[in-house]
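Single-letter residue listing:
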Amino acid sequence: MSTAVAIPTISVQQAITIAETDALPMYGAEWLNKLMLEVTLHDDGWHIEYRQWRPRHTGGGPHYVIDATTGVIVSKKYYQ
Amino acid sequence: MNAEAPTAAELEQHSVVQAAFAAAWADSLSDDPVQRHEEGGYIYVNTITGDVIVRRVPPEGRDSLDLSVPPQLPDCFLVAIYHTHPNPIASGLDPEPSPDDRREAADSGVPWFVISELGVYAIGPDRRIGGLSGPPGYPG
Chain A
1 MSTAVAIPTI
11 SVQQAITIAE
21 TDALPMYGAE
31 WLNKLMLEVT
41 LHDDGWHIEY
51 RQWRPRHTGG
61 GPHYVIDATT
71 GVIVSKKYYQ
Chain B
81 MNAEAPTAAE
91 LEQHSVVQAA
101 FAAAWADSLS
111 DDPVQRHEEG
121 GYIYVNTITG
131 DVIVRRVPPE
141 GRDSLDLSVP
151 PQLPDCFLVA
161 IYHTHPNPIA
171 SGLDPEPSPD
181 DRREAADSGV
191 PWFVISELGV
201 YAIGPDRRIG
211 GLSGPPGYPG
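Heads up: the protein sequence lines correspond to chains A and B, in order. The letter at position 28 of the first sequence is residue 28 when you use my numbering, and the numbering goes up by one with no holes. Take any residue in the second sequence, note its place counting from 1, add 80, and you have its number in my numbering.
Hints should not be assumed to be uniformly reliable.
[What the hints assert, rightly or not] Pulled a few chain A residues facing chain B out of the computed Cβ check, cut under 7 Å:
1. 31
2. 52
3. 56
4. 60
5. 77
6. 79
7. 80
[To be verified] Some chain A residues near chain B, calculated using beta-carbon distances under 7 Å:
8. 51
9. 55
10. 59
11. 75
12. 78
[To be verified] Per label pair, the in silico range of CB-to-CB distance:
13. B:168 with A:37: 20 to 28 Å
14. A:54 with B:115: 22 to 30 Å
15. B:211 with A:12: 40 to 48 Å
16. A:17 with B:210: 41 to 49 Å
17. A:72 with B:93: 24 to 32 Å
18. A:42 with B:197: 29 to 37 Å
No wet-lab data here; the hints were simulated from the structure. Note that the structure is a prediction, hence the values are computed from the model and not measured. Ideal Cβ positions, reconstructed from N, Cα and C, are used throughout, including at glycine.
Pulled out of the complex, with its shape left as it was, chain A reads as follows:
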């Protein structure tokens, strides 16, 4: 028996744009541009995580789950 995997109607670029639009007022472009963007598709949607990539540096960024069919932000957390 095979399992059907839903094809997302929200593209990865659209999901990133949704996250970025939400994140910019909180963090600003200068800070977001210093972070690494990690994007993965899960059963509950796109996981978009701005992450610190420099070893032994503090400072985090926002993490989102975005519905892959509606584009709605399912959850978000503003890390610092």
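Add chain B to chain A, keeping to what the hints say.
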């Protein structure tokens, strides 16, 4: 046999560390929405005297600190690092350690303290991995 480093719980009770946490929090200006920023530094133990020594790092900005190059102090080993999360819950930001903090703390080999309006969080190993031996900075 290597001497064991103090645990995070022991360090958190030490007067020098408590004073450092209080100073870092005060200097973070958490009540000022424009000037609030992260502060922090390194915590050492002197293997000869047993003294606990703290060294601050210069602030970089609201959300970041470079804790990658602990200065070498004579007869001292790095046993922990600390930094503040000055942005209050009311600002929308999470005061708890971030997933990046937790990953870096686990990887660094020393406890990390995060100071926020909710208190002090200790993350990472319970104490410096490998005891007071090896490289004087990060153990691995």
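### Task
Would you list, in rising numerical order, the hints stated earlier that this structure does not obey?
Failing hints, ascending: 11 and 17.
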